[in-house]
Amino acid sequence: MESPYYQEDVVAYRSLSNIKGLEWRHLKNKCENLRLELACSRYRELIMSSNVGRMVANIEILMIFHVIMVLSLVQNLALVLLIPYFVVMFFTPFIMLGSMDDDAKTTTNLVISWVMALLITLMDILSDLLAALYIGSVYPIVPCYDHIVLVCVYMALPIAFIKGYGVYILGFSVSIIYIGYVLWMQYLNDQISAALLCSYAIYILFLNLIFSYFIMIREYQLRRAILSQYQLLYQNIVYQTVMKKENALLESILPRRMIRTLLEEIDNRMEDQDDDITPRKASTRKLFLEPYPEVSILVADMVNFTHLTTTLEAPQLVEILHDLFVNFDLAAKRNRAMRIKFLGDAYNCVAGIPNYFPAHASCCVDQALEMIRITQEISNQRELDINLRIGVHSGEVFAGIIGHTKWQFDIWSKDVDITNRLETSGMPGLVHVSQRTLSMLDEHYVFKEGTEAAKNDPILQHANIRTYLVSSRLPDPVESGELDTEFSNASVASARSSYGGVYEDIQIRAQRELRREVEHMVVGRSFFKFKRNKPVKKNRELMLNPRAHFFLGVFRSWKREWGFQNTPDLMIKYSMLWAFFVGLAIMCINWIGTTKFSNLLVMLGILFLLLILCFLAGYKKLSLQRKSLSPMSRPSCFLSRWLLRASERIEDSLFVRVPLAFVVLLLLYLMSSLTVFTCDIAKLEMKIITAHLNEQRAFPDCLEPWSVTYCVILVLSLLFVIMGCPFLLKLIMGFVIVGLHLGTVHFYYGFAFERSETTDLGLKADYAHTWYVLAFFIVLVLRERHLNYMKKVSYLMRIYYEEAHQQTQDKLRSIKIIMANILPSHVAEVYKVRRPNDKLYYENFSKVAVMFASIENFNADTASLRILHEIICCFDDLLVNYQSRYKIEKIKVMDWTYMAACGLEVDHYTDFAIDIPVAQPDTETEGKRRSSVLTVHFGSTEDDEMSGDAVSQPFAQAEDVSVLVMTEFALDLLRIMYDIRYNFEFSEYDSFSEGSLKIGISHGPVMAGVVGSSKPHYDIWGHTVNMASRMTSTGLLDNIQVTRHTAKVLRQFNIRCNYRAHTEVKGVGKVPTYLVAIDQNMAFHDHDQQSMSAKSFKSTLTDTLSFTPNVDAQKSSTSEEQEEEQEQEQDQEQEQDDGGEEEEELEEESELERQKGGILITGDLY
-17 MESPYYQEDV VAYRSLSNIK GLEWRHLKNK CENLRLELAC SRYRELIMSS NVGRMVANIE
43 ILMIFHVIMV LSLVQNLALV LLIPYFVVMF FTPFIMLGSM DDDAKTTTNL VISWVMALLI
103 TLMDILSDLL AALYIGSVYP IVPCYDHIVL VCVYMALPIA FIKGYGVYIL GFSVSIIYIG
163 YVLWMQYLND QISAALLCSY AIYILFLNLI FSYFIMIREY QLRRAILSQY QLLYQNIVYQ
223 TVMKKENALL ESILPRRMIR TLLEEIDNRM EDQDDDITPR KASTRKLFLE PYPEVSILVA
283 DMVNFTHLTT TLEAPQLVEI LHDLFVNFDL AAKRNRAMRI KFLGDAYNCV AGIPNYFPAH
343 ASCCVDQALE MIRITQEISN QRELDINLRI GVHSGEVFAG IIGHTKWQFD IWSKDVDITN
403 RLETSGMPGL VHVSQRTLSM LDEHYVFKEG TEAAKNDPIL QHANIRTYLV SSRLPDPVES
463 GELDTEFSNA SVASARSSYG GVYEDIQIRA QRELRREVEH MVVGRSFFKF KRNKPVKKNR
523 ELMLNPRAHF FLGVFRSWKR EWGFQNTPDL MIKYSMLWAF FVGLAIMCIN WIGTTKFSNL
583 LVMLGILFLL LILCFLAGYK KLSLQRKSLS PMSRPSCFLS RWLLRASERI EDSLFVRVPL
643 AFVVLLLLYL MSSLTVFTCD IAKLEMKIIT AHLNEQRAFP DCLEPWSVTY CVILVLSLLF
703 VIMGCPFLLK LIMGFVIVGL HLGTVHFYYG FAFERSETTD LGLKADYAHT WYVLAFFIVL
763 VLRERHLNYM KKVSYLMRIY YEEAHQQTQD KLRSIKIIMA NILPSHVAEV YKVRRPNDKL
823 YYENFSKVAV MFASIENFNA DTASLRILHE IICCFDDLLV NYQSRYKIEK IKVMDWTYMA
883 ACGLEVDHYT DFAIDIPVAQ PDTETEGKRR SSVLTVHFGS TEDDEMSGDA VSQPFAQAED
943 VSVLVMTEFA LDLLRIMYDI RYNFEFSEYD SFSEGSLKIG ISHGPVMAGV VGSSKPHYDI
1003 WGHTVNMASR MTSTGLLDNI QVTRHTAKVL RQFNIRCNYR AHTEVKGVGK VPTYLVAIDQ
1063 NMAFHDHDQQ SMSAKSFKST LTDTLSFTPN VDAQKSSTSE EQEEEQEQEQ DQEQEQDDGG
1123 EEEEELEEES ELERQKGGIL ITGDLY
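Going by this note's numbering, the first residue of the sequence shown is number -17, and it counts up by one from there.
For the record, the hints were derived by calculation from the structure and aren't laboratory data. Worth double-checking, as some hints may not be accurate.
[Stated by the list, open to error] Think about it this way: if two alpha-carbon atoms lie no more than 16 Å apart in a straight line, the pair counts; the simulated EDC-like pairs of lysine to aspartate or glutamate are: (1) K874 / D249; (2) K145 / E201; (3) K268 / D249; (4) K226 / D792; (5) K773 / E201; (6) K874 / D859; (7) K396 / E276; (8) K268 / E247; (9) K773 / D551; (10) K323 / D877; (11) K12 / E246; (12) K268 / E630; (13) K603 / E630; (14) K1052 / D1020; (15) K396 / E736; (16) K603 / D634; (17) K773 / E1046; (18) K145 / E14; (19) K145 / D249; (20) K268 / E301; (21) K10 / E201; (22) K323 / E246; (23) K268 / E852; (24) K603 / D662; (25) K746 / E736; (26) K87 / E14; (27) K578 / D662.
[Claimed, not checked] Estimated spans, in silico, between C-beta atoms of each pair: (28) L4 / D172: 44 to 52 Å; (29) D1020 / N438: 57 to 65 Å; (30) M198 / V645: 21 to 29 Å; (31) I714 / K541: 21 to 29 Å; (32) P340 / G1051: 43 to 51 Å; (33) S454 / Q788: 52 to 60 Å; (34) T89 / F644: 40 to 48 Å; (35) L187 / R631: 44 to 52 Å; (36) Y782 / G162: 20 to 28 Å; (37) S454 / D249: 43 to 51 Å.
The C-beta atom is built at its ideal place from N, Cα and C for all residues, glycine as well.
Construct all of the structure, not just a fragment, from the sequences and the given hints.
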């Protein structure tokens, strides 16, 4: 199942630059796959409505300038010439008004587009035609606004934004009308020239093609904007959902004030990491601890839980615990109690945290009674024998978290110790309370004297604690009776969906949000305000106004402007292709005309150079047609690599792209004006004068003025399709080309241009050329300014979204760190993508090494808690060195005991708990990887007899390496304690001089799982965990005590384990225990007997461990024989002490469990 955290950035330049097909088609497919076509259509409609106002303004401006020009330059003007212009000026706003309405239908927009295009076309044709008929002069054969009409058709009219081929039909229809008009005028004037007609047809055809490509560019920009907005909305919804859920999870586990403090501390740490600041020293670690002087504490332990672990499989066990703890949490919420932690089958909570309230004792006892009732009901429903033993005491506590990884909210104080003794000495099904707690209760509780065990308990006697047993609460008439109904609804199935299943509707929500967001997306400045059907927010376009210069169109911040201009241009390759086509059109126009052969050769050379530049710009796209490119699959050929690099530089670098565009445009202008520069002026003027004297039209053999102007218009039209150049530079390029051409028209070859055809009767031809070019350039500048404005607003909004996105990522990163400190990282990732119908999370592991390290000789005061925090932080720092293949996973800290496990086999991942990336294993190591997380049937946990060095397996197994790693970790813990104690790290605290460690290790099969819904808790269970806990409680200070089975494995790795004795273990009886031999230098003693398995396994260990263990064998000695004799004597004594019948029953039970594949556990969990 794909994680919802990841959403492909389909509009990223790197992503789009490596696709094989056309970029706009790729984005179209993405929009269709994500069902965003409705949003695209709506955005297209908004842009269309906005463009209507701009088009009306542009037409009005052109008509006004045209009337002023005619009135100023034409002598003896016939007013009939101005009638078509005033008609267009008057009717254009009324015709286009229908497209400004949001409810305008497609048919209406099509009709308006056709009417408007034909109106401007007829105005252009009829203005001079009517004047010629009125005056009786020669018909003009050159249209004035053919190029402007095509610009309106493809860029401004509503038909340009409607899907289908209507825009192309309209464009070619207008083109045919103009070509027919030119042919008719030539016929009426008896001056038919096939060359001029073909040149004009080529010019009109290529204008259609260039403006058609602009539609593709606009569609590319539109879909890119929609997809960008969708992705940002999608990520925003994901992050908001995740933060809401994870914050709710944190607030259910930690007090809100502590959450804020933790987040602030994590933010500071992340800033230090980002700024490469050295981490803080241990002496400056912050202790997250708060005193609560008046609370009530509840400690509950499950009776007969050990029997469940022997008879139930992992899924059933996790489901029962989950069902119990979920209902306990719901009851705690009702009773204003806060669950503190799970300890296997134990449940601890406190009333009075984080806010004090007087009835905390009553709420805590009510919670205890309800927990007993819940347990009995579930026990009856599942036909199991489960009960609770609960102790409640009131007093003061210190609450907070210890260490800096795998945090768990916990409480410490002497009153907590007293509560634990109350639970231990209590009775199942009753609440064992202290006299202080009882004094805070009202008269609604039924109680009796406490147990004899409590009276004889030395800790309770020393604290002078008198105890009572509360059995029930008398009916309260105020109660609503909602508790029973609420419990009945708290099933496992309903609780499973509390944390997972929040992502299924994210895509639908993002699509719905996008439809609303489209209404506020940038569409450019509107010249006419029109009322929309729905209320809109403040237009985001206004956000750009104070940040950019109005006339220059640049950001006031040059840093921001540079970031905008340096954005890669993925369309430059297509722009270069169109530049080549324009060059081809210019050569065709000149070839059809009167161009010299030498000029054609020069044009052919320039065209070949353009082809090379076009090939260079598009080489990457051509390479992608053969195979996909990646940093690891670059071409092997040097030339191919150079061409690919050049192609990428053209796309990415502004300093390459802009000079290239300048060179291409100047080369094209040179091609368009080459006939002018090579024509013999004197000969041309003489021919024109002679034709004028004979009242004939001169057809020059070296120059056709309007063909030159048409070619210049084609060059200027490329400014529409070159998207990656800054607006000001494009404006400068346009001014240079227009200036050069007007200089040619008015100064260099003014005589020839003056005597060419005109567009308006009475207007000099050179002014007609000038207005023809200037009108196009004005429309071009206005259009480019609008596009530049839209791109800048989109860029600015993307910056704002990315900043917010980065802030959200930083927030999510801190929450992810806290989550990883509550659950193991791989479990936390699983829970983030869980579905409502997922099963409970559980795992079975065949061989895991479990360690308990208990810090002894401490008191629960503030000074000792400070020391405990520093010690646990040192232990946590050590985890950094154990993040390789055999990873040490910190499980939890219980009071003064540190619990860890090795062998919880998961794929490698970044552990955000310590925020250190783990390197991926190489292929060879990965090939040796163990089969992990398999559901297995466990065999009996009864140890085989071990006599001396006789081991059951001649070679160390791969699974056994976890035992070695865990033992190394335990030794490092002893080294840390040694350094702290003997280097006087905490010399200001007198109590620390006696602090020591007791460590116990056991290995074997374990069960792991997550229980709880709103408060998920990861834990491990099984006989292995049981034995590791007993190895610690029965161990010796500053020693590592292990079981017989673990000692076998360590001896295979050449680590000496000295037999200690048969130690009494609660719930199991006497079992042989061993102490890992450690010398004065805090290093392992070598085992005396040479181990072939250690030698054969040496290479594997050095590859997978972060350290190199000592596996060199030593010579044998006689000490091993003495140890073997001691073990045999102890075994014989133990066999004599145990009853024969009990031993036979135990053996039969063990054999039965071995056949069933179950676990035989006869002790408590912890």
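Going back to the hint list, which numbers does this structure go against?
-> 1, 11, 12, 14, 15, 17, 19, 20, 22, 24, 26, 29, 35 and 36
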